[in-house]
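There are 2 protein chains.
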Amino acid sequence: MACGSDTPFDLGIIGGGQLGRMLALAAIPLGIRCLVLDPDSNCSAASVAEVINGPLDSADHLRRLIECSRVTTFEIEHTNPHFLRTLESEGNRILPAPSLLGLVADKLRQKRHFAEKGLPVPAILAEDVAGPSPYAVPVIQKARFGGYDGRGVARVEPGAEFPLPGKTFVEEAIPIEVELAVLVARNTAGEVRHWDPVEMVFDPRLNLVSSVVTPARVPAGTAARAIDLARGVAESLAPLGLAGVLAVELFMDTAGYLWVNEVAPRPHNSGHLTIESSRCSQFEQHLRAVLGLPLGDTTSMSEAAMVNLVGPDRCEPGRYTVGGRAEACAVPDVHIHLYGKRAVRPGRKMGHVTARAPSAEEALHRARLAAGALTFDTGIEGENA
Amino acid sequence: MACGSDTPFDLGIIGGGQLGRMLALAAIPLGIRCLVLDPDSNCSAASVAEVINGPLDSADHLRRLIECSRVTTFEIEHTNPHFLRTLESEGNRILPAPSLLGLVADKLRQKRHFAEKGLPVPAILAEDVAGPSPYAVPVIQKARFGGYDGRGVARVEPGAEFPLPGKTFVEEAIPIEVELAVLVARNTAGEVRHWDPVEMVFDPRLNLVSSVVTPARVPAGTAARAIDLARGVAESLAPLGLAGVLAVELFMDTAGYLWVNEVAPRPHNSGHLTIESSRCSQFEQHLRAVLGLPLGDTTSMSEAAMVNLVGPDRCEPGRYTVGGRAEACAVPDVHIHLYGKRAVRPGRKMGHVTARAPSAEEALHRARLAAGALTFDTGIEGENA
Chain A
1 MACGSDTPFD
11 LGIIGGGQLG
21 RMLALAAIPL
31 GIRCLVLDPD
41 SNCSAASVAE
51 VINGPLDSAD
61 HLRRLIECSR
71 VTTFEIEHTN
81 PHFLRTLESE
91 GNRILPAPSL
101 LGLVADKLRQ
111 KRHFAEKGLP
121 VPAILAEDVA
131 GPSPYAVPVI
141 QKARFGGYDG
151 RGVARVEPGA
161 EFPLPGKTFV
171 EEAIPIEVEL
181 AVLVARNTAG
191 EVRHWDPVEM
201 VFDPRLNLVS
211 SVVTPARVPA
221 GTAARAIDLA
231 RGVAESLAPL
241 GLAGVLAVEL
251 FMDTAGYLWV
261 NEVAPRPHNS
271 GHLTIESSRC
281 SQFEQHLRAV
291 LGLPLGDTTS
301 MSEAAMVNLV
311 GPDRCEPGRY
321 TVGGRAEACA
331 VPDVHIHLYG
341 KRAVRPGRKM
351 GHVTARAPSA
361 EEALHRARLA
371 AGALTFDTGI
381 EGENA
Chain B
1 MACGSDTPFD
11 LGIIGGGQLG
21 RMLALAAIPL
31 GIRCLVLDPD
41 SNCSAASVAE
51 VINGPLDSAD
61 HLRRLIECSR
71 VTTFEIEHTN
81 PHFLRTLESE
91 GNRILPAPSL
101 LGLVADKLRQ
111 KRHFAEKGLP
121 VPAILAEDVA
131 GPSPYAVPVI
141 QKARFGGYDG
151 RGVARVEPGA
161 EFPLPGKTFV
171 EEAIPIEVEL
181 AVLVARNTAG
191 EVRHWDPVEM
201 VFDPRLNLVS
211 SVVTPARVPA
221 GTAARAIDLA
231 RGVAESLAPL
241 GLAGVLAVEL
251 FMDTAGYLWV
261 NEVAPRPHNS
271 GHLTIESSRC
281 SQFEQHLRAV
291 LGLPLGDTTS
301 MSEAAMVNLV
311 GPDRCEPGRY
321 TVGGRAEACA
331 VPDVHIHLYG
341 KRAVRPGRKM
351 GHVTARAPSA
361 EEALHRARLA
371 AGALTFDTGI
381 EGENA
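Chains A and B, in that order, are what the protein sequence lines are.
Counting in the numbering used here, the first sequence runs from 1 upward without gaps.
Counting in the numbering used here, the second sequence runs from 1 upward without gaps.
Don't take each hint at face value.
Derived coverage of chain A by chain B (criterion: at least 3 residues anywhere in the stretch with Cβ under 8 Å from a Cβ of chain B; other residues may be distant) [to be verified]:
#1 25-39
#2 103-116
#3 332-338
These are calculated hints, taken from the structure and not from any lab test.
Please read these numbers as outputs of a predicted model, since none were measured by experiment.
Ideal Cβ positions, reconstructed from N, Cα and C, are used throughout, including at glycine.
Isolated chain A (complex conformation) (with noise of 0.2 Å):
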């Protein structure tokens, strides 16, 4: 791609994957002209925006995308902060800033950072251990660089081997009743906005998020705290270059404190169903807070509920096609979301399913029914299928 300085893109997306592709979707009514790049050319995000292809962390890759850009921001954490800080004293504009980046990509300092600014974080116990736990009670063990959906985190019984190798810590398991996340946007004037708390759902097995419902089904005293920590945290991320949307992971333990758990500075998981529950989606709001654009209306119109479609532990790896539409368009007010990934994977995301409903259950049950009745077809059935 060769790129003039006279027609720049206006934003430039570190990773097409299905964050990016949703970014760009936000982007064309907007006019707003997406430049993505990633690994693969035909990443979820390829039919709406241009690509470059290159990895992540190329420094060559990440210049060329960089500046054809007016701003550049990311959909994934996992790239090369330390190059990015030179693009940006050069006077390309990176936002959230790289040094931001560079501390939320290592939760170690990412959590250190949160415990001195005083908020409620569970203790670090270690870091970089190995053999047997020592520990007469659970604990949680944690990759510092590159987890995501639930890979990197591991619970650790007393006396039995720490799984995970490379750089790790170690803190103290919470005992969990419910998992909360609060979406926060901080734009470039210092405008900061938040979505109503969400209640995330986890599946065991897979150790991700399955689904999402908003309102969080919590007292609203925890609600209001949910958003009073979460604000917090933006606020001791903002001198370091907070812009966009920030997905703040919060505990509720059984007696009803909340903890933070980490966070993710960019459109999340968690944040999906705002397309149809809230005034202005993640997606959106953090086209606008990067692009230093007023921020929009986060009020809830409706109780909502997300649900993952992932590719089924059984599926044969390659390509497919979308079965059940039609049993899925007759849930009443559910909209489907396909990434349009060219190929299937156990476990891999390939969608989600929003349901709206008078009330967060029935939300919950119309998303997980239309979810249920789409299939990714790959015509080559395993032998136990």
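Starting from the structure of chain A, add chain B where the hints point.
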């Protein structure tokens, strides 16, 4: 484009203007792949769908489009109904059916059809007139074919020359109090749903819809009667092969009576606000209807108003940049839809803005505020600008 039988598109669209673009945008999350036929390879839909570049009435190009698509539909009526009937008779799926298109594309035949079905239409007074109007009262002269966006309609005072050349007809002039539209959708299984009536506010200068408000500000009985008439119109067209969205334009006269003006068997300017005001937009609904899926919920979510963005009177036709985004985004619950057209021209539809609010009046106020802020800057100002 070579199109093997193993890689068909899900939907062919005749026309790649803003309606084709918004259809294709609604198709992406559903995983529906669209192929568009348009004479301009840089048409509005080009950034979100594959394009076959060619005239809308070219037999060769229509054949290529239709043979590459499982189902083919329209964003514009002015194509080649005769040849489409041939393609249909060869087993290709074209919806709504070409015979319906042929009826609707001829406004005189359309009107006679409704009169025969007992639907209230203005009386037809004459055909193919010329010279001065012999009528003692103002009358309406209309082009039988090709009218669009107010072109092909003229109000003619007694004794004044009939201005329109070619095939035209004359109908009585209804003393219009309010113009309404009711959108109805019918799917291939015969399921029918309607949206709430909307009120159309015409710009007398440009003679096109400048804004649309939902719900229409008419008595409840009038709204109910408008829905009955629109569903009656849809029912009368069902045997001709109606599938998809049908926009039914109505007049309420100064005595409160309703008249059927004309119909468009496709998504329509009067339904753009359904993207934000309704649970299912006219675009997703059209896709569902022609692809044999169950229809979506047309329940209203909110009062809303839409204002068209048109090229300014004195602009120099050509490339442009969009200004005023920040001012427009500062208006609460405003949604910008730019059509990505390569060039601006005076009066050309460049986009629209929808706003939601607790009342229709406030929504209209917000939409006008945001629309007034957005500019299409060519950088080459006319001498009088």
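Here is how each hint holds up against the structure:
no., hint, verdict
1, 25-39, "holds (count 5)"
2, 103-116, "violated (count 0)"
3, 332-338, "holds (count 6)"
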